[in-house]
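Protein chains in written order, with UniProt numbering: chain A, 1 to 466; chain B, 1 to 408.
Possibly wrong hints are sitting among the right ones.
Stated by the list, open to error - When the alpha-carbon atoms are kept at most 20 angstroms apart in a straight line, the in silico SDA-like pairs for lysine to any residue are as follows:
#1 A:Lys183 / B:Pro260
#2 A:Lys183 / B:Asp373
#3 A:Lys183 / B:Glu262
Rather than coming from a laboratory, the hints here were simulated on the basis of the structure.
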Amino acid sequence: MAHIYIDLTTSIRWRRPPVGIVRVEREFALHCLRHEPGTVFCEIDAAGEYRAIEPAQASLILDDAWCRAEPVAAIGAHVAAATLAPVRGRVQRLFDWLAARGPKLVPTAAYPLLRDLGRVLVDHHAAFVRHRAARKALREAAAPATTSVPQAVAPRIEPTPQDLFFSIGLQWHHGAIHAWRLKQRTGMRVIEACYDTIPIDYPEYAGSAKQPFSEHFTTIAHTADVVFAISDTSNADLAAFYRRVGLFEVPPIRTVHLATPEVHRDADVDALAEDERAALDALAARDYVLYVSTFETRKNHRVLLQVWKELYRRRGEACPTLVVVGMFGWGVNDLWAEMQASEVWEAGRIVLLHHVSDALLAHLYRGCAFTVFPSIYEGWGLAATESLAYGKLAIVSDAPALREATQGLCPTIHPFDFPRWHEAIAHYLDDAGARAEAEARIRATYVPRHWSDFAVDLLAAARTRP
Amino acid sequence: MKRIVQLTTYPLKSPRHGGQLRCAAIRACYRELGFEVATIAAIHGTDYRPSDLEGDDLVLPADHAAFDPRLARFIDLQSGELIAADDGATWRAFARTLDRLAPDVIALEQPWLYPAARRWIDARIASGAAVPRLVYSSQNVEGKLKRDERPEGARDALQDDAVARVERLEREAVCHADLVVACTDEELAELRAMDDAPQSRAWIVAHNAIAPFEADPQRVADVRRRLGLDRYALFVGSAHPPNADGFWRMLAPSLAFLRPDERIVVVGGVVNYLRQHRVYRAWPAIDEPRLVTPGELDRDDLVALLGGAHVVLLPITTGGGSNLKTAEAIYSGRPVLATPHALRGYGDAAHWPTVTVAASTDVYRRSLRAMLDRDTPPLPADYASIREEVTWQRSLAPLAHAVSALAP
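Pulled out of the complex, with its shape left as it was, chain A reads as follows (with noise of 0.2 angstroms):
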């Protein structure tokens, strides 16, 4: 009987709320876990060598604890400073303290660059943390196992030709490869992702990850018996890479849409932690709306900022919050600054929520007015299908695959047309009415899938031969 292995090495160094790619990986690991007897999960060594975990392991691994290391931070004008204090590091902490001191003691000109090296430190630095607290944890869920045997090696896997490698998470962060090396020795049969191509596509959004993008999806194409396509979309962006760069042979690549996140509909006020209900108690004294999505360039903050810029000078203290739920990316150094030194901003219309979990991501859901999403282009729009979930009207850009993710129900915008986000945000703001048949019809039609919908779909994808 064919085996499935799961290559978990993703979601065993991912200790924060899951971002969409670590998502996927854990929610097909779980229903594999469940429903797929014999699975094997495993991870990349140091030296590329795919070892065994054993089921503990990976059921510790894909629990929701594993994903929530810290406690919510709200940053906004009042918000931060008011209710929160969230824990910060040692070296954000020196950070912080040099921030605070910056212009006193360097040149003006240099405070940008040295607040940019502050958080590549601490990016770093948090890597480091959470890489150790990993390997802390992993060590303690094996320990019960292995108090009565020697400390041994994990073994390395040795999957046949028959079996199915599942290597879907951030591949091109631990060499994609070692997949390939793998099946030059075993010839087992290779499912590899494809989330999106943007970092090829749209390398301004990426930073320098364009070059190692195109190695990687050039590997898999070597590599891999199925791509899977999170959408058409991002099917054809890359079969058109792959005719870019002149590869000859392909493999199929087949489209399996994901699934709606999960909904957390009941989800109890009280049962929040501490920091989140003081989050979410934050935002109770006006509306608001909601954008959840790391703040990064290619996501399109911009304009929702020239947006609430001119919600606030046209209604003052009627103006609603805007909501940003998501990591701080790359990019946004310049609308960050811009941002701050906004009067919006100052009076506290804008708030940034980072480290949310499920729980209070469903409330966020339940008690916004409506959401947006005007990323200029995507892979899919995991957020914009999570709001239909809730049954919350998502206004979107116009991004292929955001049409395709919101199954035609969201009214659509070119990411830069200001006006018209303005009039629809406005429109949807002050038409309670319009809102509510908005509503109405996403709870009529939106077809939500599972991700036991997926799981099974991605198996058969994998599983059907050419």
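Using the hints, position chain B against chain A.
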């Protein structure tokens, strides 16, 4: 015994590039015939190391006022003109050397030093001394090459004038020679077309070739291990931009079609040009891991790489003459993937059992993929004699005969 003086613009002591290898092989051929051969290489500044120079070589100061820095592509042309026009130490050194060597034959390798040779010959005629016979030998049609290589956007009057001077010089050298030697039939016809009286001189073709070599299996294994090679194609090229152009023209848009364990080993100075090329710069993360660039290698390592190559690449799309690399690739007995241009001077591709010819980029890339996918086919039984055709001994036989036949 004939005394022959070769006039070149590069030294022959340690031959590396194609021109040096050809001239050195011709010198060896003359010596085997029992001729006394000397070489005067007029060197521009520090283009070559002092240890590469021989006793009669003449170094021209790079900062000499006669060198126009705007005409960097025409250094050889300017070198010949400088010696011919000089009234000082440079001319005296050149003339004294020729006086001492008293050649029966002056063998011009390319036309560059013809003005200097002409001045010396004219002085001999004026003094009533014996005049040597003149052999004009070239591995290119230089005027055409300079015109074709003219960089984009460089079409100014100065460049045009320099090209015209090269063409004039080449015609004069041909028309005053007793024997004209070309690299290919096509180039011989082009040189002949410059001449109003072709019947008054001898014409021969001596295509480029190589000295026999044999790869040592132990060295093949060593170099593979040292460079971490499994299945690889080999590309050898000097630091000449058209070599990089040809490579990327035939392999664009990227090397993604090579598997992660397949490599192209690039030997020679071309590697820097490969990495500066716009095709490489589009996908460096794909291309770089597929390239192995050991740089300049000694001859034994190069032979070992040839001996272990799954494919030898000849993606040559421009340039004159016949290619030494083609001869080397054919002689190696390894599968060769060539452009039609790479086979200039070597006749019909069907004659060479190891050679696959691909004219277009798509066919070239697909051919490389197919050649890497299959095991190296066995050589035909008579390959040992076939490959002898690309050795200097065979290719220079007509030249040896023609020079011997020149009346004293």
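Okay, the hints, checked on the actual structure:
1. A:Lys183 / B:Pro260: 12 angstroms, holds
2. A:Lys183 / B:Asp373: Measuring from Cα to Cα gives roughly 17 angstroms; hence the hint holds.
3. A:Lys183 / B:Glu262: Holds, at roughly 16 angstroms.
Hint violations for this structure: none, all hints satisfied.
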